[in-house]
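> Take a look at the letters that make up each chain.
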Amino acid sequence: MSKQAPGVRIDGLTVVYKTPAGELPAVRDVSLTLEPGSITGIVGESGSGKSTLALSLLNAVQPPGRISAGSVEIDGLGDVVGLGGEQLRKARGRHIGYVFQAAQNSLNPLKTVGKQLLDLGRSHGVDDLRGLVREAKELLGRMGLDGARVLDSHQHELSGGMRQRVGIMLALVLNAHVVVLDEPTTALDMITQANILKIVREVHAERGLTTLVITHDIGVVAEVADRLAVMYGGRLVEQGPTREVLGSPRHPYTRGLIKAIPRLVGDIDEARALPGRPPTLATVPKQGCVFRERCALRMDVCDDVDPEAVLQGTRTVACHAVTVKEHA
Amino acid sequence: MTVIARRLAGHLARGLVMILVVATISFFIVRSIPGDPVAANVQKLIEQGMAPQAAEQATRVLYGFQPKGTLWEQYVDYMGGLFTFDLGQSVTHAGAPVTDVLADAAKWTVLPVLAGTLLSFLVGIVMGVYAAIRRSGKLGDVLAISGSLLHGVPQYVLGLLLSAIFATLIPILPADGPVDILFEPGFNAGYIGSLVEHAVLPVATYALAAYGGWILAMKSSVVTVLGDDFILAAELRGMKRSIIFRYIARNAILPLFTILALSLGLLLGGAVFIERIFNYPGLGLLLIESITMRDYALMGGAFLIITVSIIVANIIADLFYSVIDPRVRSGEEVSA
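From first to last, the protein sequence lines are chains A and B. First residue of the first sequence? That's 15 in my numbering, and the numbers climb one at a time after it. First residue of the second sequence? That's 19 in my numbering, and the numbers climb one at a time after it.
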């Protein structure tokens, strides 16, 4: 296996869900490149399609959803969308690690962590199970836990922060180099959040990973991500280096998001909530810009034409208003 | 293990208290039913012109015993006897000890009920898993509908139906008691074959009546577990299907073990109709008979054995749970 972190190229990805009203897209025509060794953050509200996008990286969109178009190329693995059966199963865990939200119970409540680790090893044909346990203890120790004790514990005996670290251990223990973290700090207290983010950063750097962090919390992204992608209504509306996007947001939705964050210092009233609500699967407009209903810069063209993602320097923005301004 | 030992001690203490309370209540309630047979017999003999002394004497000979003392003294006597498993004597069985009469009847109830329940449990949970996995297909529909149908039909209707079809309409199976009297009781092929042949219909009735409940319970339990995060998590970690299946099965079957233990306890008393239909001289028939004959001691004994079986089933269910569910074992709250 190559020591070098693999790159991931998502191209034209569309994921639809079967509903009584027909197949509706939860993710539409999303293209995103995860540079080898980078941490990319995806920010969006609930229902923006970010979790569906994350599951697509493992070709694990749950029925009634399915990937209807596009590809997810991972170095050393090929197009994940084309994988199936045993090949896909073996890729999961070995090549791509997935870390669940801490509040979700991602462990079998009836078995100790250690026994589930052995199940994982056997599933992936690991011959040296002792070595696997050693590796797991090392990883847990690295994250500040008593490895032997944790492996001997059941899920209900672990705190949220401990479970999250167990989740990270299970995602990495088979030496996966692409890691997806879905809401890694949601439902954790502030101190534990900070700890987990520190661990994510350090482990990412030490092991040479390519990491994708899904979150609704811009603070998390600002903390860990090199690059930031903003999702709205199943579309990627803006992406670029984290500092630039947060420092000078271009898409009106990104601007709205950042304006909505209350500052620690200064007038609390400076925080402005974005008017309106995010669309659901059923209310996402079939044509035109997905954000226009809540947009201050809405133009006639927004009603009919879906803005394409346009590369502007280091940034990609999908907005008619912004693009027009640039060209004018 | 000390946790389990402590739980067991607590359960046994509580169970003992419950048994004593039930014994007390049934002692007094049973004796408040009008129609005391001993008094009635004495009365009858006196009316036939016998002297009261002689009438009492004759009754004592007839029933093999004579109640002595006030009701309160009888109660103290009865409760004392409980600790040596002496439940008094049955007036309808010529003074035979109630314990013996109950033990004799219990074998005709316990074995068929146990066989029927375990059979339906095994078949029901396997079918329940299929019904859950194939719930959007034809097989799932068929299984679920068969479960609902059988669950909805009362046990005695099933019993009558089976008896009518297989014993009367197409007489291929007997429904005339637990065994052919032609055979010498003992460990010989003829006797055992006859036992098994006679048990087919009642066991099938118990099994069919319970099967619907198991398939529906297991189906819903599996569907719940399938939606649990840890199943998706295991899939995303690339776990083998066989391992994931074991995760699902073990988690889904957990709540059903409790129902199993409880239903075994309940079934001892619920076999009345089936024993009537198939002429099994079990506990259910015995209970009916004792009530009709106002056989106080036997009634009390039958109530007591039903109570004890439910209490014991509860204890077993709870202990079993703490063995198979680590969340209960460690004495912490179950946070699902």
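Derived by calculation from the structure, the hints in this document are not laboratory data. For glycine and all other residues, C-beta sits at the position ideal for the given N, C-alpha and C. Careful, some of the hints might be misleading.
Ranges between beta-carbon positions, derived for each pair [stated by the list, open to error]:
#1 Arg215/A to Gly155/B: 20 to 28 Å
#2 Arg291/A to Val241/B: 25 to 33 Å
#3 Arg215/A to Leu244/B: 33 to 41 Å
#4 Leu143/A to Leu157/B: 54 to 62 Å
#5 Thr20/B to Ala201/A: 52 to 60 Å
#6 Thr47/A to Ser238/B: 21 to 29 Å
#7 Val241/B to Arg215/A: 33 to 41 Å
#8 Arg291/A to Arg32/B: 16 to 24 Å
#9 Asp93/A to Leu244/B: 38 to 46 Å
#10 Thr20/B to Asp93/A: 50 to 58 Å
Think about it this way: if two alpha-carbon atoms lie no more than 25 Å apart in a straight line, the pair counts; the simulated BS3-like pairs of lysine-lysine are [what the hints assert, rightly or not]:
#11 Lys104/A to Lys156/B
#12 Lys258/B to Lys129/A
#13 Lys104/A to Lys129/A
#14 Lys104/A to Lys125/A
#15 Lys32/A to Lys156/B
#16 Lys258/B to Lys125/A
> Taking the hints in turn, state whether each one holds.
Evaluation of the provided hints:
{"no.": "1", "hint": "Arg215/A to Gly155/B: 20 to 28 Å", "verdict": "violated, 47 Å"}
{"no.": "2", "hint": "Arg291/A to Val241/B: 25 to 33 Å", "verdict": "holds, 32 Å"}
{"no.": "3", "hint": "Arg215/A to Leu244/B: 33 to 41 Å", "verdict": "holds, 35 Å"}
{"no.": "4", "hint": "Leu143/A to Leu157/B: 54 to 62 Å", "verdict": "violated, 38 Å"}
{"no.": "5", "hint": "Thr20/B to Ala201/A: 52 to 60 Å", "verdict": "violated, 34 Å"}
{"no.": "6", "hint": "Thr47/A to Ser238/B: 21 to 29 Å", "verdict": "violated, 45 Å"}
{"no.": "7", "hint": "Val241/B to Arg215/A: 33 to 41 Å", "verdict": "holds, 40 Å"}
{"no.": "8", "hint": "Arg291/A to Arg32/B: 16 to 24 Å", "verdict": "violated, 55 Å"}
{"no.": "9", "hint": "Asp93/A to Leu244/B: 38 to 46 Å", "verdict": "violated, 29 Å"}
{"no.": "10", "hint": "Thr20/B to Asp93/A: 50 to 58 Å", "verdict": "holds, 56 Å"}
{"no.": "11", "hint": "Lys104/A to Lys156/B", "verdict": "violated, 32 Å"}
{"no.": "12", "hint": "Lys258/B to Lys129/A", "verdict": "holds, 14 Å"}
{"no.": "13", "hint": "Lys104/A to Lys129/A", "verdict": "holds, 19 Å"}
{"no.": "14", "hint": "Lys104/A to Lys125/A", "verdict": "holds, 22 Å"}
{"no.": "15", "hint": "Lys32/A to Lys156/B", "verdict": "holds, 20 Å"}
{"no.": "16", "hint": "Lys258/B to Lys125/A", "verdict": "holds, 16 Å"}
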